[in-house]
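Taken in order, these protein sequences are the chains called A and B.
Residues in the first sequence are numbered from 2 upward in steps of one, following our numbering.
Residues in the second sequence are numbered from 2 upward in steps of one, following our numbering.
There could be a bad hint or two in this list.
A pair counts as met if it fits within one copy or between any two copies, since identical chains are not told apart.
Unchecked claim - Restricting the straight-line Cα-Cα distance to at most 25 Å, the calculated cross-link-like pairs of lysine-lysine (PhoX-like) are:
{"hint": "1", "residue 1": "83", "residue 2": "311"}
{"hint": "2", "residue 1": "195", "residue 2": "311"}
{"hint": "3", "residue 1": "364", "residue 2": "54"}
{"hint": "4", "residue 1": "257", "residue 2": "5"}
{"hint": "5", "residue 1": "160", "residue 2": "257"}
{"hint": "6", "residue 1": "139", "residue 2": "69"}
The hints are simulated quantities; they were obtained by calculation from the structure and are not laboratory data.
Number of protein chains: 2
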Amino acid sequence: MRNKIVIYDSTLRDGAQAEGISFSLDDKIKIVAALDDMGIDYIEAGNPASNPKDAAFYDYYKKNPSRKPKFAKLTAFGSTRKKGVKTGEDKNVLALLEAETDVVCIVGKCSRFHVEQVIQAECDENIQMIRETIAFFKERGRRVIFDGEHFFDGWGEDKDYAMECIAAAESADTVVLCDTNGGAFPLDIYSIVKKVSETFTTPLGIHTHNDCGMAVANSIMAVEAGAVHVQGTFIGFGERCGNACLSTIIPNLRIKKGYNCLNETAITHLTPAARYIAEIANISLDERSPYIGKSAFAHKGGMHVDGVFKCTQSFEHIDPILVGNERKHLLSEVAGRSAVLSAIQRIDPDIKRDSMETDIIVKHLKKLENDGYQFEAAESSFILGIRKILGKYKPSFELINYKAISEQPCHDGSSASAIIKIIVDGKTEITAADGKGPVNALDKALRKALEVFYPQLKNVHLTDYKVRVLDGKPETASMVRVLIESTDGKSNWTTVGVSHDIIEASWLALVDSIEFKLIKDQESGI
Amino acid sequence: MRNKIVIYDSTLRDGAQAEGISFSLDDKIKIVAALDDMGIDYIEAGNPASNPKDAAFYDYYKKNPSRKPKFAKLTAFGSTRKKGVKTGEDKNVLALLEAETDVVCIVGKCSRFHVEQVIQAECDENIQMIRETIAFFKERGRRVIFDGEHFFDGWGEDKDYAMECIAAAESADTVVLCDTNGGAFPLDIYSIVKKVSETFTTPLGIHTHNDCGMAVANSIMAVEAGAVHVQGTFIGFGERCGNACLSTIIPNLRIKKGYNCLNETAITHLTPAARYIAEIANISLDERSPYIGKSAFAHKGGMHVDGVFKCTQSFEHIDPILVGNERKHLLSEVAGRSAVLSAIQRIDPDIKRDSMETDIIVKHLKKLENDGYQFEAAESSFILGIRKILGKYKPSFELINYKAISEQPCHDGSSASAIIKIIVDGKTEITAADGKGPVNALDKALRKALEVFYPQLKNVHLTDYKVRVLDGKPETASMVRVLIESTDGKSNWTTVGVSHDIIEASWLALVDSIEFKLIKDQESGI
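The task is simple: from the sequences and hints, build the whole structure.
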């Protein structure tokens, strides 16, 4: 194994600077625990001087020392002292000290342009600001990480000054070279880090942004050139285009390049950890994300699917199990028999490739796909379809009728209402609900009627609703495909419905969602 | 300016292999036009042998030669001949020939492992398959691009054999080195491309995938090492984690590194072009995408916002205007103006950049975009919006009320019906219609009522209807954006509506469509 690379996560600080992200104190505490479980070395959790929420966060751990991360080191973030102020009297420096973390990260300017034009200080004073602030925290027993802001841009403007700035920080435990604007290119990062590492003895780190789409590559290049510490955010969100994405960098370093970072077992939890953090941050994860996305190991092109069935490594650069993800053969017409068989065998392992049932199911799939169904994102509906063909399906209710009504003008904010009548075990239930749109009203009415018989449906709710108007007759009378993702708090499943009528298509997907949940519970003995 | 780099877009082929992507023929034709407008050199538009839809696409251009791209070269994609088959008798080769494009792209294996284990051919025969297929197309006057599949993995397994494979392709016009599995690292790509370019005289290209999050960087590294042709998809979607994203690579090469690719004016349309393609593909663009995302130049951190107010380059690696994007917090002041002004001046040429009206319109636009409106693909609604603000709009009817009803079971194939009451010039009209779904019924009822007053609406019908559930609260109660494309047989126009209620959103877009048609006729004196 190659040398140790320290992983430094800034989801809670630089990540919080992303558009649309806002963490509560509780969110932050949950994310700290998740990152700690993964074996992240440092968790940068906010700037105690910048807002009361970040200060409250550090107070929480002062008051609840037992809740502190077991492995990771909590790191408070702040700037060097301001110009013209004594270090010991600088409000921000004092706030950082009061956070009482073992580790602090100090950011200071390493670009002549920024010193002169942005903070409008003398170049020499900036050097003093860096040196004195670091000394202040070292004297008080802190481990100090220095973030050299705009180092690469500064190198381009005035290399000697950029070097003077980091020389002033040499007593820090790690000096991190930052591409703050995300404008640097891999070869430049490589050659600059290599040059710095030849003369500079303090361990070097790298901090990159994704404005040129190369934050991950730039981090890897810095490591190959001698950096031993990588900063980023776990799923890549941060200021503007985001920070270097650690959930991509970690397997790149460990699995692909053999560096010592995190440990193998932790990395097998990478995918669920990333999904959990996305859930807490309330953002939709890009499903094409390397390693952790649902599409990362999904094969669609016929040649690809065939190849993967022969040898998985033919179209996969690693085994998805190493990062807690899974291979997916998209259930499309091109995928053919092999892809379908594995789904069938999960329901009935006795059915073989050449069984009559396989034949019937493949034909059925092709017919449904011709009608506009698409199962690659809706495996639950596909599994229900297989069950129906195999006679392993008993509907949990029967619809007598529904009526969904949309009207304008609307007076109370609910522009739609729905009436529904169903039968379960011979008992009829009729009810109604209103909602923001007919699908919302129908969903509410259906659940209201069914909860009388199946109280466990109370925990089920929709997490995603997608509509696609299908090819062919592209008018309002054309076919519509609706995908619904549901959750019961423990797992998620996706179902699909297709019809000329968007309401009927939504209805079909809603019914599948509920049937799937009830079968799932039955089989796990709930 | 540095040397010319050819840009090769595979959105319609490798992009179509992405999970969840499915293009209609009409979608493909629209995307070809958009890529052509951008000045893309080659447009790879599908594999005519793989499915009837791709074959129909090439037929369309054979029958409508005037619709062929003006600048870009349409490129048909296919494999080398199969083992044990004569080139001139290979079905796929013949389908490729029948596409009648000036350029073909032939993919062939360059990895010993793939030849032996996946296609299970003799290594020597694979060499013959490459050589003969290329010769076949060269003899028939085609420009040939050879995609050397798995070249980098092949180099790792058996460098000499990988080189033999591309040597067999040296008569092609370009030989493209492919990282098909997306597992290669930037330094390896750089050194391998450099070595190949030292001995190999055919121009080299690069084709990368994003499985390690480094597809863009790997493409750039290949160019720096001597490649002169870059393959990718315009907004990055493709098999698994996607292809190299051209909307990131193009400005990286042109603006940041000074290569000759596309032209400066075309690049100022990069952002709207990417949004348009995302809209047609019906995928949500990741707003953190480099250069084209809404967050790409959005400043949030206090220090960043302050810095940008002092000097924009303090936290921006380029000026967003160069790629048709905008700085977020300055929209209402400077940047938004230029984008909007040309639309305003088409309605009232007297309005200037610093007129009060411009200010009001920019602010209004910003508010609507916050609500989920998006005008890139719906200029007609935007023009109506400007008219409303400028007092140049008189509604052609007034809605008293509508009611749209969906019901199941349905007995006559019409699962929905709608009642509508409107007033035109003091006269009330009430009518009803049924349809396949509530939007279809409402559309028919509205036209039926209005045709009493405006007979020219008889010629109008919808040609496309798209629905997008917006991010945020992903449930059936979340916001929905509807895009409607209409035609009167002479021209097409697109309108947009946004609401919690899909029926109301559709209604808003329908009303805009009709109002736009009536204003258009009035102004042209019909």
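Each hint tested on the structure:
1. In this homomeric assembly, residue 83 and residue 311 come within 25 Å of each other (Cα to Cα) only across copies, at 18 Å, whereas the closest approach inside a single copy is 63 Å.
2. Proximity of residue 195 and residue 311 under a CA criterion of 25 Å is satisfied in neither setting, with 43 Å inside one chain copy and 33 Å between copies.
3. Taking the closest pair of Cα atoms, residue 364 and residue 54 come within 25 Å of each other only across two copies (20 Å); inside a single copy the shortest separation is 44 Å, beyond that limit.
4. Taking CA atoms no more than 25 Å apart as the test, residue 257 paired with residue 5 passes inside one copy only; the shortest distance there is 15 Å, against 34 Å between copies.
5. For the homomeric pair residue 160 and residue 257, the shortest alpha-carbon distance between copies (20 Å) is at most 25 Å, but the shortest distance inside one copy (33 Å) is not.
6. For a Cα distance limit of 25 Å, the shortest separation of residue 139 from residue 69 inside one copy, 22 Å, qualifies, whereas the shortest one across copies, 68 Å, does not.
Violated hint for the displayed structure: number 2, the only one.
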